[in-house]
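Participant: Sequence:
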Amino acid sequence: MLRRLALITSAAAMLALTGCSTTVALTPADDANNPECAEVTVRLPQSVAEQDRRWTDAQATGAYGSDGQTSVILTCGVTVPGPTAELQCVTLEGIDWLVDESDAPRMRMTTYGRDPAVQVFVDTEVVSANQVLTSPGIVSGVRMIDAESACTAPDELPE
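Just so we're aligned: 63 in numbering that gives the first Met the number 0 is position 64 of the sequence shown, and the numbers increase by one with no gaps anywhere.
Heads up, some of the hints might be wrong.
[Claimed, not checked] The following label-pair restraints were derived from C-beta to C-beta distances: (1) Arg142 / Asp29: 21 to 29 Å; (2) Pro34 / Val138: 13 to 21 Å; (3) Ser148 / Gln68: 33 to 41 Å.
Keep in mind the hints are simulated off the structure, nothing from the lab. Built from N, CA and C at the ideal position, the CB exists for glycine as well.
Generate the whole structure from the sequences, applying the supplied hints.
Facilitator: Following this line, the structure appears as structure tokens:
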């Protein structure tokens, strides 16, 4: 009897905890099952730039936000970008990122010179891209993927 009561109580507690959080629906990248993506995602911190981590439903992804809004999305295993003169290349914490501001104020940053590639979307009206890309958890995860090439003339990322 006590065992059954304990099971019912723990099941109710789990439902109460999961009922309060919404899952961010994402699509996994083509190379999301790459073992190096697992190394990235297990290092993702509980918060980034004062944005709390949110549950996602796709492998090798992470999301952060507050008040039900998602302001940061990370996806590992995206297509590895080649050299480009179209996008700005910046180096932060020893990691090269290609910066796409075409959907401002949302910025898309993709690692350059690493395979698999990691992509981070940031709503810069909510949080600074610099704060996100220099987060120790994100930096340590991305560094698990060896750099095979580098930007030739990296810029500074605007605040």
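Participant: Next step is simple, just say for each hint if it's right about the structure.
Facilitator: Results of checking the hints against the structure:
{"no.": "1", "hint": "Arg142 / Asp29: 21 to 29 Å", "verdict": "22 Å, holds"}
{"no.": "2", "hint": "Pro34 / Val138: 13 to 21 Å", "verdict": "19 Å, holds"}
{"no.": "3", "hint": "Ser148 / Gln68: 33 to 41 Å", "verdict": "36 Å, holds"}
Going down the numbered hints, you'll see the structure goes against none, and every one checks out.
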